[in-house]
Amino acid sequence: MVLELARPRPIWQVMFSTHHTDVGLMYLIFSLLAMFVGGAMAIALRVELFAPGAQLIQDSMTFNRLFTAHGTTMIFLFLLPSASAVGNYLVPIMVRYKDMAYPKLNAIAFWMIPPAAALVWLGMADFGWYANPPYSVISAPAPAAEMWIFGLKMLGVSSILSSINFVVTIMKCKHPDMSLGKVPLLGWSFLSSSIIVLAAMPTFAAALLMLLTDRLGASGFFNPAVGGDPIAYSHLFWFTFHPEVYVLVIPAIGMMYEIIPRFSRRPIFSHSSGVAAFIILSIVAFASWAHHMFATGMSFTEKTVFMVGTLAAVPASAMHVFNFLATMWNGRIKFATPMMWAVGGIALFFAAGAGGVVNTAMPLDFITHDSYWVVGHFHLFVFGTIAFGTIGFVYYLFPYITGRMYNEKWGVVHFILAFVGACITFFTQHILGLFGMPRRIYDYPEIPEWVSMNALISVGAMIILVGMVIFLANLIYSSAKGKPANLEDPFGLGGKYYYPFSQRNPHHGDGGY
Amino acid sequence: MAHSNWAEWIYLGVVTALLVYVGAEAWNVERIIDHAPEDAEIIKVTAQQWLWTFEHEDGTKEVGELHLKKDHAYKFELTSKDVIHNFNIPEYVVLLDAVPGRVNTVWFSPNEVGEFDIQCREYCGLIHYNMRALLIVEDV
Ligand code: HEM
Ligand SMILES: [Cu+2]
Ligand SMILES: [Cu+2]
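Chains as they are written, first to last, in this note's numbering: chain A, 40 to 552; chain B, 3 to 142.
Since the hints were derived computationally from the structure, they do not count as laboratory data.
Be aware that a few hints might be false.
To be verified - Calculated from the model, a selection of chain B residues having no Cβ within reach of chain A, i.e. all distances over 12 Å: (1) Glu43; (2) Glu59; (3) Asp60; (4) Glu67; (5) Glu93; (6) Glu140; (7) Val142.
Said to hold, decoys possible - Not close to chain B: a few residues of chain A, all C-beta gaps over 12 Å, as computed: (8) Ile82; (9) Val176; (10) Lys213; (11) Ile234; (12) Val360; (13) Met501.
Said to hold, decoys possible - Covered stretches of chain B (in silico footprint by chain A; criterion: 3 or more residues with CB under 8 Å from a CB of chain A, positions within the stretch not fixed): (14) 45 to 58; (15) 120 to 134.
Note that the Cβ used here is the ideal one computed from N, Cα and C, for glycine as well.
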């Protein structure tokens, strides 16, 4: 098998390379693979929930294992690595350095991910992606739980290593002529998300170890039977993972900052506003974690503090939306595939944020909490915004990686199916939540509204599936048989690009790019 | 900032004003519903994998069914024997975690006669999907 078809090389050369575009390529291929694996799990869940009674999955244990693996896969094996893929391709080029600051560390950070994936996929733990104790301590079957804990431990270390690399590359290796303020917004997005990871991830790393020793019976941090407190875990977990949602969304916003001005053929409306919003977000991200815990029995004062902390993050997100719209205003927009994904992503970002505000307004959270509303809320973010930005960027990078063009017509069809499917699926989930359906349930009683809405949601998921199959076919077919791309200006926009291929890859030999 | 950004400032002002309004309104409502009335009758609710036990003030116990009187205020004292569950009556927006080792309280006052679903809203394992009970509100 050969990769980078414009200049074929044996796959092992890419695998054992530490060059940033090669590591980026490995990240990209792995994350897309994980997206299809996690997507297949989601489809199994939706087929099961299409109607009451057992459809595809015969027991609740299998269902529980599947939703756990689905969430873990999508967040840790698809979204985080796909962001790293883009960062690896573009950050060194944007700061005008020859590679990442620590190329070997970079490769190590990537290679920790596949073994971690193997642990998660072979173990199939059943406690949800948040591993809440005391269930995860006293009830979850071994060895699946241990495998998940070790897998997440590795993923945490991997993301800390790659974050160190991004921070050092941007802060220390940028061209001496380039001030930090002049670093493109995509670079800024990786700087801010990496700093959040460095501040947030160690807390979860500690919680995982405590969970493990609790399971071994050596400690009882989270086990009330021996005097521990499960709510302490929730604090540690959400202290990491509320900021982590910004770690996911910020690079996707950065990708939109690359696509939108390019396809609007205008410079970004305000570079400084984008930078300011990134900085504000990475600080206020730490003021809101316990909005996930309103229903654990917090006092009125605690709830108020975390409501205010959460609402404080909204204006910064709104600044990004404004920046995008102001850039597109009066622009000569070309709606090629990457632009469609970026614009669709912004629309869903806005809708998702509105739903988030509802979750945050304390009394309303007691309607939405742990219902399908929450499932709809975060899928509008993780799929509608983050995956949309990422997929758009995959189309954007495609000619640079393969030297060929993807099929534009099928790219548009993919977008339309995904957008329509996402609206049907995730907006209906919001409404279903208002009708009281809890999340993470294998089967449900025959309440007429629940039955019809679940069927509709499953149909929406199937529409997304069709789009994704088209995506896969387009990627495979076009990288082998697509039209050769005009690498100076593949989208016919006129203007200057960051050329991932222009970075001299030592494996490309003399005279190559 | 290099160029005039007044439009962005106006926009941010509007967004912030909306958020302040939502936050203040939420604070005000929550402040009122956070306190149970003095005369609320206490129901002790114990969750365990995967059923609900209810104990009335007079010591009578019910499993899987809860009989209450219309237009009375009730205060639930929730706890759990094993893992975290969540006591939820969707029709009356009653929702709170039942946490082992803690007692959480939530109150409501049913204003309609009839049968309503009680369900577990926090993942608790194998039969979480069917950890249900029935609330029966009767006229006095
Ligand atoms: C930035 C992108 C965002 C992502 C990726 C995201 C993701 C998530 C996820 C995964 C959950 C569910 C966690 C779980 O229980 O498994 C969640 C819940 C929540 N989100 Fe977001 N979110 C984002 C933005 C926001 C914003 C902007 C707000 C508020 C303005 C918000 C407010 C909430 C609240 C209050 C909950 C808790 C709901 C509940 O469980 O009752 N989120 N979010
Ligand atoms: Cu959050
Ligand atoms: Cu449950």
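Consistency of the hints with the structure:
1. In this structure Glu43 (chain B) is separated from chain A by more than 12 Å, as the shortest Cβ-Cβ distance comes to about 20 Å.
2. Non-interface status of Glu59 (chain B) relative to chain A is upheld: no Cβ of that chain comes within 12 Å, the nearest being about 21 Å off.
3. Every beta carbon of chain A lies more than 12 Å from that of Asp60 (chain B), the smallest distance being close to 26 Å; the non-interface claim holds.
4. With a cut of 12 Å on Cβ distances, Glu67 (chain B) stays outside the contact zone with chain A, its closest approach being about 16 Å.
5. Not every Cβ of chain A is farther than 12 Å from the Cβ of Glu93 (chain B); the closest lies at roughly 8 Å, contradicting the non-interface assignment.
6. A cut-off of 12 Å between C-beta atoms confirms that Glu140 (chain B) is not in contact with chain A; the least separation is 22 Å.
7. Non-interface call for Val142 (chain B) relative to chain A: holds, since the shortest CB-CB distance, roughly 27 Å, exceeds 12 Å.
8. Non-interface status of Ile82 (chain A) relative to chain B is upheld: no Cβ of that chain comes within 12 Å, the nearest being about 19 Å off.
9. At the 12 Å boundary, the C-beta of Val176 (chain A) falls inside the reach of chain B, the nearest C-beta of that chain being 9 Å off.
10. Its beta-carbon lying about 21 Å from the closest one in chain B, Lys213 (chain A) satisfies the requirement of being farther than 12 Å from that chain.
11. No Cβ of chain B comes within 12 Å of the Cβ of Ile234 (chain A); the nearest lies about 23 Å off, and the non-interface call holds.
12. A Cβ of chain B approaches the Cβ of Val360 (chain A) within 12 Å, the least distance being about 9 Å, so the stated non-interface status is violated.
13. Non-interface call for Met501 (chain A) relative to chain B: holds, since the shortest CB-CB distance, roughly 23 Å, exceeds 12 Å.
14. Counting residues of the region 45 to 58 of chain B whose CB falls under 8 Å from any CB of chain A gives 1; the rule of at least 3 is not met.
15. Evaluation of the coverage hint for the region 120 to 134 of chain B: fulfilled, as 13 residues show C-beta separations to chain A shorter than 8 Å, against a requirement of three.
Hint check: violations occur at hints 5, 9, 12 and 14; the rest are consistent with the structure.
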